[in-house]
Amino acid sequence: MGGLGLILGLGLGYAGRVFSVKVDPKVEKIYELLPHGNCGACGFPGCEAFANAIVENPSLAETCTSSSQEAREEIGIILGVEVSAKNEVKAQLFCRGGINSKDAYEYNGIESCAAASLLMGGPKSCKYGCLGFGDCVEACPFNAISMTSYGYPKIDREKCTGCGICVETCPKSLFRLMDKNDPLIACSSQDKGALVSKYCSTGCIVCRRCVKACEPGAISMENNLAMIDYEKCTQCYKCVEVCPKGTIVRVGAKVEIKAES
Amino acid sequence: MVSFGIHPDYRKVTADKKVESAPLPAEVIIPLHQHIGAPCKPTVEKGSEVLAGEKIGEVQSFVAAPVHASISGKVKDIRRALVPVGYEADCVVIEGDGKENWVKFEKRDSEELEPKEIINRIKEGGLVGMGGAAFPTHVKLSPPPEKKIDVIIANGAECEPYLTCDHRLMIEETERIIKGMEAAMRVLGCSRGLIGIEDNKRECIEKMEKGAELSSFEIEVRELRTRYPQGAEKMLIHSLLRRKVPVGGLPMDVGAVVQNVGTLKAIYEAVNLGTPLVDRVVTVTGGVKQPQNLMVRIGTRIKDLIDFCGGFTQEPGKIINGGPMMGIAQESVEVPVIKGMSGILVQSKEDVGKRRERPCIRCGSCIESCPLGLMPTTIVRYAKKGMFEDCDRYYIANCIECGCCSWVCPSNIPLVHWLKYGKGEVLKIKRKKLEKEREKEKGGETK
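Those protein sequences? They're chains Z and V, same order as listed. Counting along the first sequence from 1, when you hit position 81 you're at 112 in my numbering, and nothing is skipped either side. Counting along the second sequence from 1, when you hit position 427 you're at 1649 in my numbering, and nothing is skipped either side.
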């Protein structure tokens, strides 16, 4: 038995050497540099396919949005092309409802946001907000999203590569890719302020204090929701200070609900 | 015959209760999107006075039906509100003046009218299928010229438990249903009419047979086995004609058009009397003090109806638009009655109960019960894993969401919910593919 194993092993080893498929060393090197998340944001089925594709057609090298800046530069050197600097964008969640937002009915169906949103838009009173079943957590190829005890997901900004899978996955379209230093209005409800204040303690109540506080005039109200024009925003974070509901958050800072005075 | 479907407890407690008129609502909420197709555009503004029967929503595409005011009064607001089919739509809120000021209707005799005029009157009446799916009636009655329709089927099966609105209509409005059917037959130019009624509704069968005898058209009443979902379009066609609607096809592909009896009555009213669809019969049943069949104006809040029926007998667990099998549970009693709502069912907390889902034991009950011969367990296994292309391979799009599989499942797997979810995802994937192909074609042209 042992002898047989030895003979077959040797045979396999020999065959492995003789018949091995030669991989372009470039492909191997590039593959090592890629994030291995197989997110598919480039349009190819996984990182290996992408590595093969860019060796053949170096002009595609920029399409990987997930790899880090250093990796992109190195890939550029290997391929002999210039790869443009990466836009540092991270996924952000435009809702801080979760347990702060009231339920409209008792739900006992499938534990999935997409399935729950089929039934009257989900069990939350707010028809725009996060349902908290974590479809995004499952979908994130880099394990950057995790569910918090607040009932809405948290994004690990170290791990997030800005691939945009969560943007597509969320049935409520609550994710957007943003510059990491921008303040963000963590609410997507287009209901009237009075209604929002009934069902959610962190929703935008259309009080317009941020509009008045914003010196460059970057904030406006559209569809009962504050909107920041990021071209004008100077990142002074005055809006974050004046918001009575803690709806406007400074990304990375903890959400604190201020007591109503 | 192949066995299909299930035999639930029918509980038709309101079958002997005459249709009563519900009191005129003080305020109605009329959604501008009550049908399958594009929503309507409001033709009134906030503050304008409307008469009952006046058009308040105009269609913007062919597959749509206009919306009419169901009471006279003043337009209080036009806002987004939840509609009982599960999404938010623009609604016209009318505050009633308590008077019955109607628009003047033009009476005509359907026998003198050209088919085109009949279609036009049906379209202007805002008619949609009243069995639940709310497909615009004029679209159903104008098939493409290459599709020859040889038979029209009146759907009086009413296979959903609890619901009795069609049952009462067949007894009380026999003549109108037959007249409406004649009008529809004239439009389609078909000579044969069938009325399918389940054999647990003896009284209806007798009444309809008498009515059909008086007609100059060849209309026949057929008894159907009492079985859920006998009233589903595809099932009904198979039971009556032994024809099978092809995968992804419509009844018109096999030369048949199916209309609910309520729709036929509405056709008579729209064509002969000129009245638009502003009221319908709704069965209010289950955990209310006096379950009954009510003639209700479209837009009445279901809270008003439940109050009229004496309120809840105990704390409700679920309030459902439609029947227990295919109905949609509501999150609030503030939603309005719409054209496609056949019943309001109140279930108690005990009825609802939470059931724990257990793993599939591969017993095959769902496959046996599926009226379309699908394999729910296999499809759902794929849907759970996100393999939607495989779902499509097993014809998920054919599922009519009748609920038989979930009803028989011994492991309490929410199969219909998964199927519904899977169907949506499959559609999304197909749409994406189409878009990509179109982009490619465009790219090819420019090159």
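Heads up, some of the hints might be wrong.
[What the hints assert, rightly or not] In silico lysine-lysine, DSBU-like type, Cα no more than 30 angstroms apart, as pairs:
| # | chain 1 | residue 1 | chain 2 | residue 2 |
| --- | --- | --- | --- | --- |
| 1 | Z | Lys-190 | V | Lys-1540 |
| 2 | V | Lys-1607 | Z | Lys-185 |
| 3 | V | Lys-1540 | Z | Lys-133 |
| 4 | Z | Lys-190 | V | Lys-1650 |
| 5 | Z | Lys-185 | V | Lys-1654 |
| 6 | Z | Lys-133 | V | Lys-1606 |
Honestly, the hints are just simulated from the structure, not real lab data.
Against the structure, the hints come out as follows:
Between Lys-190 of chain Z and Lys-1540 of chain V, the direct Cα distance comes to roughly 43 angstroms. Violation of the 30 angstroms bound is thereby established for this hinted pair. Taking the CA atoms of Lys-1607 of chain V and Lys-185 of chain Z, the gap is near 24 angstroms; set against the 30 angstroms cutoff, the hint holds. With a C-alpha separation of about 18 angstroms, the suggested pairing of Lys-1540 of chain V with Lys-133 of chain Z holds against the 30 angstroms cut-off. Of the supplied pair hints, the one linking Lys-190 of chain Z and Lys-1650 of chain V holds, its CA atoms being roughly 29 angstroms apart against a limit of 30 angstroms.
A threshold of 30 angstroms between alpha carbons decides the hint, and for Lys-185 of chain Z with Lys-1654 of chain V the separation of about 29 angstroms falls inside it, so the pair holds. For the given pair, Lys-133 of chain Z sits about 28 angstroms from Lys-1606 of chain V by alpha-carbon distance, which is consistent with the 30 angstroms threshold.
Checked against the numbered hints above, the structure violates only hint 1.
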